[in-house]
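Number of protein chains: 4
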Amino acid sequence: MTAFDFAARLNSFRVGAKEYWRGYNGKVTTFDLVDRAATVPGLNAVDFNYPDHLEGVTEAETRDRLQAAGVRLNGYAMRYYTEPEFKIGAFTNPDPAIRRKAIDLTLRGLDSLAEAGGDLMTLWLGQDGFDYSFQADYDRLWEMSVEGIREVAAHNPAIDISLEYKPNEPRSFSVMPDAATTLLAIRDVGLPNLGVTLDFAHSLYANEMPANTAALIARHSRVLGIHLNDGYGKRDDGLMVGAVHVMQTVELLHALDGIGYRGVIYFDTFPDTTGLDPVAECTVNIATVTAIGRVVDRLRNNEMLAAAIQKQDAAASQAIVQAALFGS
Amino acid sequence: MTAFDFAARLNSFRVGAKEYWRGYNGKVTTFDLVDRAATVPGLNAVDFNYPDHLEGVTEAETRDRLQAAGVRLNGYAMRYYTEPEFKIGAFTNPDPAIRRKAIDLTLRGLDSLAEAGGDLMTLWLGQDGFDYSFQADYDRLWEMSVEGIREVAAHNPAIDISLEYKPNEPRSFSVMPDAATTLLAIRDVGLPNLGVTLDFAHSLYANEMPANTAALIARHSRVLGIHLNDGYGKRDDGLMVGAVHVMQTVELLHALDGIGYRGVIYFDTFPDTTGLDPVAECTVNIATVTAIGRVVDRLRNNEMLAAAIQKQDAAASQAIVQAALFGS
Amino acid sequence: MTAFDFAARLNSFRVGAKEYWRGYNGKVTTFDLVDRAATVPGLNAVDFNYPDHLEGVTEAETRDRLQAAGVRLNGYAMRYYTEPEFKIGAFTNPDPAIRRKAIDLTLRGLDSLAEAGGDLMTLWLGQDGFDYSFQADYDRLWEMSVEGIREVAAHNPAIDISLEYKPNEPRSFSVMPDAATTLLAIRDVGLPNLGVTLDFAHSLYANEMPANTAALIARHSRVLGIHLNDGYGKRDDGLMVGAVHVMQTVELLHALDGIGYRGVIYFDTFPDTTGLDPVAECTVNIATVTAIGRVVDRLRNNEMLAAAIQKQDAAASQAIVQAALFGS
Amino acid sequence: MTAFDFAARLNSFRVGAKEYWRGYNGKVTTFDLVDRAATVPGLNAVDFNYPDHLEGVTEAETRDRLQAAGVRLNGYAMRYYTEPEFKIGAFTNPDPAIRRKAIDLTLRGLDSLAEAGGDLMTLWLGQDGFDYSFQADYDRLWEMSVEGIREVAAHNPAIDISLEYKPNEPRSFSVMPDAATTLLAIRDVGLPNLGVTLDFAHSLYANEMPANTAALIARHSRVLGIHLNDGYGKRDDGLMVGAVHVMQTVELLHALDGIGYRGVIYFDTFPDTTGLDPVAECTVNIATVTAIGRVVDRLRNNEMLAAAIQKQDAAASQAIVQAALFGS
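Chains as they are written, first to last, in my numbering: chain P, 112 to 439; chain Y, 112 to 439; chain L, 112 to 439; chain G, 112 to 439.
Worth flagging that the hints you see were computed from the coordinates, not collected in a lab. Ideal Cβ placement from N, Cα and C applies to all residues, glycine included. Don't take every hint at face value.
As the list claims (entries may be wrong) - If we take Cβ atoms under 8 Å as the criterion, some of the chain P residues that face chain G in the derived model are:
{"hint": "1", "residue": "149"}
{"hint": "2", "residue": "357"}
{"hint": "3", "residue": "435"}
{"hint": "4", "residue": "437"}
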């Protein structure tokens, strides 16, 4: 399998701050988090949340510190939930002034990202949605989303904008709940620097089969980000890779191999809410992906597997993949 | 509210055949079913499944008998699950000969429909999907679907082809599981006589909000059919209208009013599996839609509701809609 | 319908503090929240979270202030998620010292409640669960839960202990995910002052029919609390009453009428995360329950409805209930 | 791991009858199915559906033919859905005469089973449930279920009665939807020859963790049957073992090892609806369980795993189990 770069949720590394940082005074800086993340063997990339992770630091400093830590900047991810005013919408906020503020914040994020030397901005428009019937004008929500994304994507054509969809939470319904809706929006926007981030757990509870979704995205746009994790298909559990959907994870990595994905594997897991040591947890994630990578290697260019898939013969393909998995 | 035409699942009217038809000899004809359906006050349209409902009758006869029964032909719906060979796919069957057979059957259905005087063909591609990881080449499934739909839509531009999506069942995953994926396929096909059938219960367990979906379809294509029913959002329960999602049904009918939907309301409910008398059950459905229609009338051009929606103020809109609903 | 007392989530009333409280200095006291809640016409009871709502006040003060505000104390609800150490378990924490701390906190809560003049303690053991296969010894989790509940219930037989179940969140799986498991635990504990709190939205996404669950609880234990709200059956949406499951809410209130429930109706809704004014939102909830109460009144002692239910004839009962609902 | 006996859904072996049986005349006998099933290497037990699989044959013949085929009788499973009159209920049918018929059929099944030399009767009361609010008196449903089960269990104390629960389908809600409700009913019945059949896919979409459920059943009753298969946790997919929930299957088999389960592993999968050759499919299932058995062997008496579980440290246990799984 392709040798991937690995990144992980930076905020996970806040867990157990008091025990971890000697002389801890209640404050953990972004660079503290980076340094701790960099202790995970194999972790070599990082994503910053904007604006929070960039508060009080300059982009130049950021570049230096990342270099010193031996990790590269994968990109930024916008965060709109830090402000109560974005609670019922960022790009779809009913108040034009607040909507403007959300877009302007994003534009500043793009400028900061460029200065920091990055070229990938992830947008999870998690506040843009609705909870109730008769709460919103659905056409207006769509238009505000599409126009907002267009303005943001047009700002700097050198930066890729990746839309990360999620079915719900915090809102009961998202404007961008799944890959297909996101691809429709991308077509409506019509700019080339757009793409999609596939979060494995989001995909599962959007009732998708992740490898199918990767193919659908690659056909209609580009896979710009992969968030690996796992869950039970009912909510955003944030579990370690392979904790549940082993076969579907093998298939997704096999599919990414096929479409030539060269981006980062970002572990969007929640050791903080599951009470785990973030370094140990991330280490297990990298070990699991490495083990699954060997399974993918065994399946590459396997003619019997190709023939079984050609015939849609799941008994045959299951036997082949199980054998590759269990190493028999 | 618009005065809708109403239709219902014809096969529901098979229930209790022995008691209903004197001299019942084990066989119920399509026209028997039509005659029984026509006893429901207010039911004035009918959909035929092709090929089963057309077996052994001519299109000319069909026209005459419908006229005699006082119901109009809404359209045909293709059925691929009557043949075991379509079990793992109609348009996406791995065997080119069986795939050809599915498409040819559809073309014959279109010809029959034209002859019978109809202009709406509903395609539920329920066999086209997959159950397992590593069962199918997802790109190939998509291409076979799009090419099949294109050939069918191109056959007779005077007939509208409406795609009815469904998340799963019989397959674990459908190629067309939800509205957004269906709209992507429609764009890929690129023909004007395509549209979408929104089945309320399918929409719920595809995690959609039906009125939002109606708006999304109207924006990117056309709403060509509405299947009303209800369910608990977890499977295709086939319940009577308003049995669960009263507010969402009010909102959908309000939205259809807004986009000027003029098609039939088809009750896709399962009195047969829920042990109900089909005539009584359909009568209740029509009464409920009529009552909800009065609620929709009370909400039309309601400036306070429009203002609440403009502000995305769900407490205000909920108060207005509850008042309209409970008649206070 | 019985005239219910009404309570609501106290923390909802923190929303918009800066605008609501003149001279707001960043701190809202429990009594501020009570006073604001008491402005909702019809709200006449209150639940406190322990320990947070009791911090810095005495029980005697609390009694006085509630009397002054014209609301009565419905009871306390324990909160274990305020402490990071309870993250992977309160009564089931793997560290015996932390487990002890959780139980002792509960015992102190019971003493405080008694002193404040209340007799109902709600336990939502939300931290007690697991996220992963191979994370915990399931037998041990059960035993620690049952023993913890037994110790707490034995502490003061004059106080009723009501267990509030929830399928998941924050943990992927709860030890007490649904009513039936909770009833099994209550039998294992074997003390008479135990009962169950039915939260409507929790019940929906536990795949329960709330009125059936009320009957099951009443048969095997006691319904000690009702949390009304609504949701889409997939997560804890915290919506206003009647926003989705109108018929199921009517049925639950009808069932509570039948079993003689005399407790409080507590609105466990989230105006804070859905961006609503908490006073307006609660006012709508009370109006909706009042309107539904009139529907329940129309159905009481309805012989046709009783006959339909006796025959399990859903078409007949649906017609009767829809007529009562739509006021026709 | 324990060397299990294996059985599989007999009706799966009807698939492709025309191709499989030379001189096929449209009729496949029960013994034809047994003979075909027996061609699967390792399959050595069989379950019959009553009454359908016993029609036209005697119990004595059955014993002879099973001996000849080299498979042992695991037990019978009642089937109530073959009769339209049971559509809205077997033990809970509103018509006392039809209810009586369902119970009497079960008693005859028990007599036939005893004569055939078996001692395990599986009851899946799939028709006993409800679809609508206000359809049924929930107390009455419970009482009819408990009394029916009691009469059946009392009929022959030498035969174990195993209740197989399922959340829904065909009914929207089952009286016995999950393990905990079933265990409550078993307590209410109060007879020792009762137990529970855990169907893996049913358990998943009942929101259970199967190994936790096995422990809960073993604590409150007995695990009398295991139906292995897999699914996506949303419906009864009937997939091959390990197709999705690899870790949860490992954990369940590990748990069964721990509680000393000595019954049959029955593959309740649907090669018929997923278009697979039933012999090939069953062969893959046995191979997968055998491979997982080796993983379970590696985990038995693993002190590091025990220590991780004692601490509820999922990062540690995940590392250990993944290593055992991937054979590293």
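To see whether the hints hold, each was checked on the structure:
1. 149: 19 Å, violated
2. 357: Cβ of residue 357 of chain P sits 4 Å from chain G, so the hint holds.
3. 435: For residue 435 of chain P, the interface hint is violated, since the closest Cβ of chain G sits about 10 Å away, which is over 8 Å.
4. 437: Holds: closest Cβ of chain G sits about 4 Å from residue 437 of chain P, inside 8 Å.
The structure does not agree with the numbered hints 1, 3 stated previously, though it agrees with the rest.
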